[in-house]
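**Student:** Could you build the full structure based on these sequences and the hints that come with them?
Residue numbers (the working numbering), protein chains in the order written: chain D, 541 to 740; chain S, 541 to 740; chain C, 541 to 740; chain E, 541 to 740.
None of these hints come from the bench; they were simulated from the model.
Just to be clear, a hint being listed does not mean it is correct.
Given that identical chains are not distinguished, each listed pair holds provided it fits within a single copy or across any two copies.
Here are the simulated DSSO-like pairs of lysine-lysine, each with C-alpha atoms no more than 27 Å apart in a straight line [as the list claims (entries may be wrong)]:
(1) Lys-655 to Lys-600
(2) Lys-600 to Lys-619
(3) Lys-665 to Lys-620
(4) Lys-600 to Lys-729
(5) Lys-631 to Lys-709
(6) Lys-655 to Lys-665
(7) Lys-619 to Lys-709
(8) Lys-631 to Lys-655
(9) Lys-655 to Lys-619
(10) Lys-619 to Lys-729
(11) Lys-600 to Lys-620
(12) Lys-729 to Lys-709
(13) Lys-709 to Lys-600
(14) Lys-655 to Lys-620
(15) Lys-709 to Lys-616
(16) Lys-729 to Lys-655
(17) Lys-655 to Lys-709
(18) Lys-709 to Lys-620
(19) Lys-729 to Lys-620
(20) Lys-665 to Lys-631
Bear in mind that the values here come from a model prediction, so they are computed numbers and not experimental data.
Protein chains: 4
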Amino acid sequence: MLDQKIWRKLSRGPQVILPKDAAMISALTGLQSGDTVVDAGAGSGWLAIYLGSIVAPSGKVVSYEWREDFAALAEKNAKKAGLEGVVEIRKADVFAGIAERGVDLVTLDFAESDKAVAHAFAALKPGGWCVGYHPNVEQVKAFVEAGEAAGFAHDQTVECMVRELLVRKQGCRPQTTGIMHTGYLTFLKKPAAEALKPKE
Amino acid sequence: MLDQKIWRKLSRGPQVILPKDAAMISALTGLQSGDTVVDAGAGSGWLAIYLGSIVAPSGKVVSYEWREDFAALAEKNAKKAGLEGVVEIRKADVFAGIAERGVDLVTLDFAESDKAVAHAFAALKPGGWCVGYHPNVEQVKAFVEAGEAAGFAHDQTVECMVRELLVRKQGCRPQTTGIMHTGYLTFLKKPAAEALKPKE
Amino acid sequence: MLDQKIWRKLSRGPQVILPKDAAMISALTGLQSGDTVVDAGAGSGWLAIYLGSIVAPSGKVVSYEWREDFAALAEKNAKKAGLEGVVEIRKADVFAGIAERGVDLVTLDFAESDKAVAHAFAALKPGGWCVGYHPNVEQVKAFVEAGEAAGFAHDQTVECMVRELLVRKQGCRPQTTGIMHTGYLTFLKKPAAEALKPKE
Amino acid sequence: MLDQKIWRKLSRGPQVILPKDAAMISALTGLQSGDTVVDAGAGSGWLAIYLGSIVAPSGKVVSYEWREDFAALAEKNAKKAGLEGVVEIRKADVFAGIAERGVDLVTLDFAESDKAVAHAFAALKPGGWCVGYHPNVEQVKAFVEAGEAAGFAHDQTVECMVRELLVRKQGCRPQTTGIMHTGYLTFLKKPAAEALKPKE
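**Tutor:** In C-alpha cells form, the structure reads like this:
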C-alpha cells in the first residue's frame, strides 16, 4: 500500500491533483498493472507516483518536467515511494514533443495543455487515452477542440465531488465546509487501429 | 488497459459498485501492485476484477461469494479480463470467517456487512484497510460502530458524486439529469503493530 | 427589497438558516402575501423576518422564542427591517403549545422539534405545511415519524447546495471551497379538509 | 398559499425555471411585498406568478412576451393564480426597450439576454437587481461582460442543486437519480445613487 499519510500530506495544495481526481483518471481509463504512461508536467511527482503504483512492476511512467527544481523533487518523491524503477522523471519540455510510442495513457496537467495534444496523439497506441486536467471551463473547451483536431474522439469530461459524511453517536451529517471544485477531467480516446486506417 | 466498453456495460445497474466508487476504494487506501485483497461478496465479480487489475501480477484478490450462480458468473468474468491467476472466486460464506491472514485490504459490499467486520479485522495486517459500501446512512452507522468495537479506527466515510460537463460548440454546461447517489464508502483502518501490542 | 448587506451579515453563522434554505421553505410551500405563519424558535429573528417580508402587509408571522435575550434581539431586528406590524416575537415555550389556529405554515428550527409537531398539526389549516430544519439524518427520521404519527403526510425532505461560479476574464470555474452542508428541510403536509373528515 | 400541485405540474419541463431557481432569485435579492418587477420573457408565466405572489398586493410584475400564444397562456395562468391585478403580461419585444422606471428587480430568462441588460439598467432604481438565468457557461460570461459594460456590478453567479433525502423505515439515503443541472443564476446590481452621480 502507498502510505496514505505521506500521500495526504504531499497531495494538499492547489498545485497537486487530489486523490479523488487521480482515482478517476486510472479507473475511468481502466489503467492496470503492466501499462505504459506518459505524464506531464511532473510537479511534485505525485500523479506519476500514483499511476506508477498501479502499473508496477512491469509497467512504466515517464513524467516530463522542464523545471529543474520540480524534477529533482519529483525524483526524490518517487524514490521515497519505492518506485524508482517504474517512475522516470525526465527533464524535458513536453511542448517539444514526446519521444515514447505505443503508450496506453497520456496525462496532461498544465496550462495550455491543448498545445501538446498532437504530441500525445502520436505517442499513444490505437485505443489509448489522453486525459487533461483543467480548473476552467474555457481550458476544457480549448483542449477538446485541439484534441478533436488532432484525431481524438472526446469520450467525456467530468468533475468529481467528494463529501465526507460525519458519523457520530449524536447524529450523522455531511461535513459543513470543504472543497467544492478542483478541476475538470477530460478523456480523449485515440480511435482503434481499424478506425485509423483510412487516414494512413 | 481494462476494456472500458465491457466495464461500462457490466458495471451498470444498482447491484454493482460503479467505477467512481471502486476508484475511491483503491485511491484512498493506496492500493498498489503486489497487494493482497479479500472481497465479499463477489456479485458479478467486477470490483474484484478492478482491484485485481491493480494488484497484478504478484498480488491477489480472493472474492467470497456464497451464491453458486454469482460465483460462476464472477469466475467467467475474471477469465474474460485475463485475471484468472490474480482473482480467485471462492464459493464460501464470509459470515463464517475469512481464512486469509496479513491482507492489505478487505472490501465488504453486502447488507449487514457490519456482522463481518470482526472477520475482516482478523484477516488484515496491522495498518490494513477495511472498506464498506452502503446505500443507507443507518448501515454506515452500524458498520462504524461494529468496526470500532472490533478494534478498527474509523478514518472517514465519503460519498463521491461525478457529474459530466457537456462540451459543445453552442455552449458548455453540466449534464441535466443523472446519478445523484450510489452509496457511502466507509474506511476503517486496523491500527499499526505498535498500537496493537497492548491488546496482545 | 430587504437590505442584503444586513441580511448577509446577520445570516452568517451556524445558528441561522441561510438564505438558500429560507428560500426553499417559502418557494416549495408556495408562501405568498397574506399568509399566516408560526415560526419557532426565533433565534435572531431572521427566518421570521424573511417570511414576514413575503406575507406582508396583511399576513402575519408569530415567532416563538423562550429565551429572553433572543426574543429581545429578534424584536429589534424585526423593527430594523420595518416589519414590526407583520412579525410578532412571542416570548413563549412552543413545547407548551401553539395558540394560533388556521395558519398556512409552521416552521420548526430547533433540536427535538419532533416533540412539537402535534402542536403544529393543531395550529395548521387543512392543506397547510409544517417544515422542519435539521442538520442530522437521525433528527429528520424522528421528525418524519412524529409527523406521520400526528396525522401529517410526508411530502419530501431535501437538501439545497449552492455553489458559486467564478466568472473571470482568465476563465470560469466553480468556487474552490465553501459550504457543503447546512441542514435538511423536511416538508410535512396536513391533509385537505375532506381527507381529515373521517377522523373527526 | 400558491397551489403546489399546479405549480409542480406547470413548472416541469426544460423551458421553465424550477421552484429551486425561482427561490434563489427572490431570496438572494431580498424581494418583498410591495416591490416592482420586470420579467422577460414570460413563457408560461410561472416565474412572473411566483414573483407576483411575493410582491402582492401593492407591488407589480410586468412580464414581457413577444409571442402571442405564450402571452395568452401566461395571462390565463396569472388569472388562475388570482394575481391578475399584480401580474401584467405585456405583448412586447424586450429588445426594443423597457418602458418602466425605478423598478426593484429585472429578471431575464431567454437566449441572448445579454443584449437586453442596458434596457434593464435604465429600468432599475439605484441599488436594484438584474438577474439572468442561463444553462451555458458562455452565456453567463457574455451576460456578465455586457452587464459590467452597462454599469452594473457583478455580485455573484450561482448554481443551486437540490437533492431529495429518502426517509424510510428500512433506511435513509439520497435519491438515486434526478436533476443535476438546470441553469446558472447571475446577479447584477445597479450601484446606489451616490455611486452613480459622477456619471450624471
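**Student:** Each hint needs a verdict: does it hold in this structure or not?
**Tutor:** Against the structure, the hints:
1. Lys-655 to Lys-600: within (24 Å within a copy, 41 Å between copies)
2. Lys-600 to Lys-619: Cα proximity of Lys-600 and Lys-619: in one copy and across copies (14 Å, 25 Å).
3. Lys-665 to Lys-620: between (31 Å within a copy, 22 Å between copies)
4. Lys-600 to Lys-729: Within one copy only: 20 Å inside, 30 Å across.
5. Lys-631 to Lys-709: Neither: 52 Å inside a chain and 33 Å across chains, both beyond 27 Å.
6. Lys-655 to Lys-665: Only inside one copy: Lys-655 and Lys-665 sit 20 Å apart there, 47 Å across copies, limit 27 Å.
7. Lys-619 to Lys-709: Cα proximity of Lys-619 and Lys-709: none, with 42 Å in one copy and 41 Å across.
8. Lys-631 to Lys-655: within (19 Å within a copy, 50 Å between copies)
9. Lys-655 to Lys-619: For Lys-655 and Lys-619, the Cα distance exceeds 27 Å both inside one copy (31 Å) and across copies (41 Å).
10. Lys-619 to Lys-729: Answer is between: at 26 Å across copies they meet the 27 Å cutoff, but 31 Å inside does not.
11. Lys-600 to Lys-620: So Lys-600 and Lys-620 pass the 27 Å test inside a copy (17 Å) and across (24 Å) alike.
12. Lys-729 to Lys-709: Between copies only: 19 Å across chains, 47 Å inside a chain, cut-off 27 Å.
13. Lys-709 to Lys-600: neither (46 Å within a copy, 37 Å between copies)
14. Lys-655 to Lys-620: neither (32 Å within a copy, 38 Å between copies)
15. Lys-709 to Lys-616: neither (43 Å within a copy, 38 Å between copies)
16. Lys-729 to Lys-655: within (17 Å within a copy, 39 Å between copies)
17. Lys-655 to Lys-709: between (53 Å within a copy, 19 Å between copies)
18. Lys-709 to Lys-620: neither (39 Å within a copy, 41 Å between copies)
19. Lys-729 to Lys-620: So Lys-729 and Lys-620 pass the 27 Å test across copies only (23 Å; inside, 33 Å).
20. Lys-665 to Lys-631: within (23 Å within a copy, 39 Å between copies)
Against the hints set out earlier in the document, violations occur for numbers 5, 7, 9, 13, 14, 15, 18.
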